[in-house]
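S.K.: Sequence:
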Amino acid sequence: MKTASNETLSNNIISHYFGSLLPKVIFYLPTPPIIATDWSESDPNAAKRLIEANGNHWRKIIIIICKLVSKELSCWRTIQNTLFQQNSIAHLPMAIAIVDQSTEKTIDIKPDSSIIHIICGKNTFSRFTIESTLLVSTLSLNQQQTIRYHQQVFLTPYLDYRQFPNALIDLLRPKLHQDR
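Numbering (my numbering), first residue to last: 779 to 958.
It is possible that part of the hints are untrue.
[Said to hold, decoys possible] Below, simulated DSS-like cross-link-like pairs (lysine-lysine); rule was C-alpha separation at most 30 Å, straight line:
| hint | residue 1 | residue 2 |
| --- | --- | --- |
| 1 | K838 | K826 |
| 2 | K849 | K888 |
| 3 | K838 | K802 |
| 4 | K953 | K826 |
| 5 | K900 | K845 |
[Stated by the list, open to error] Restraint-style ranges between C-beta atoms, simulated for each label pair:
| hint | residue 1 | residue 2 | range |
| --- | --- | --- | --- |
| 6 | R940 | S891 | 30 to 36 Å |
| 7 | K888 | N865 | 21 to 27 Å |
| 8 | N859 | I812 | 32 to 38 Å |
| 9 | S918 | S891 | 34 to 40 Å |
| 10 | Q921 | Q864 | 35 to 41 Å |
Source of the hints: derived by calculation from the structure; they are not laboratory data.
Glycine residues also receive a C-beta, built at the ideal position from the N, C-alpha and C atoms.
Hey, can you work out the whole structure from these sequences and the hints?
M.R.: Structure (structure tokens):
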């Protein structure tokens, strides 16, 4: 079976991967959350436990991801409990990949038109071999709140409300949900 973790990514640079093994969207982040030894993404309270262990910072990340992948934006709150589940009819299958901080420009995303890659923040992007000049299309609120992309690869601001407000979420959502 082709999975995101063994076909789309170079595994040696991903320090943590959780979520769907067949995602439609992968969020790449620079810093891993604290994960309890008994934590399981299949636990119905997985997102809640992740937030409890990591505080407000990861609560914001989870909320922004929920708003982006929820099939109905008005239902984003209800998908938090199923966010990491393998199959859900309420949201796009998604995964979070934490990029190893010790890696410098060695990450290569293998083209796969069925997966959208969301690289969160310039710090994370600096670890990829993708040239920023290839990301020629933009979604923008202003100079600081801009998403650059090409086909299935998106460079977004870090998942924080100041950098990634609801108005920017509203610009990106149609790109994630078209033809899905």
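S.K.: Against this structure, judge whether each hint is valid.
M.R.: Against the structure, the hints:
1. A C-alpha spacing of about 12 Å is found between K838 and K826, which places the hinted pair at or below 30 Å, so the restraint holds.
2. At most 30 Å may separate the alpha-carbon atoms for a hinted pair to count; K849 and K888 meet this at roughly 26 Å.
3. Among the hinted pairs, K838 with K802 is consistent with the structure: their alpha-carbon atoms are about 21 Å apart, no more than 30 Å.
4. For a cut-off of 30 Å, the pair hint linking K953 to K826 stands: about 28 Å separates their Cα positions.
5. With a C-alpha separation of about 21 Å, the suggested pair K900 and K845 falls inside the 30 Å cut-off, and the hint holds.
6. For R940 and S891, the hinted distance range of 30 to 36 Å is satisfied, since their beta carbons lie about 32 Å from each other.
7. The supplied range of 21 to 27 Å is met by K888 and N865, whose beta-carbon atoms lie about 24 Å from each other.
8. Taking 32 to 38 Å as the suggested C-beta distance range, the pair N859 and I812 does not conform, at roughly 20 Å.
9. Distance hint for S918 and S891: a CB-CB separation of about 24 Å, inconsistent with the stated range 34 to 40 Å.
10. With their beta carbons about 39 Å apart, Q921 and Q864 fall inside the hinted range of 35 to 41 Å.
The structure does not agree with the numbered hints 8, 9 stated previously, though it agrees with the rest.
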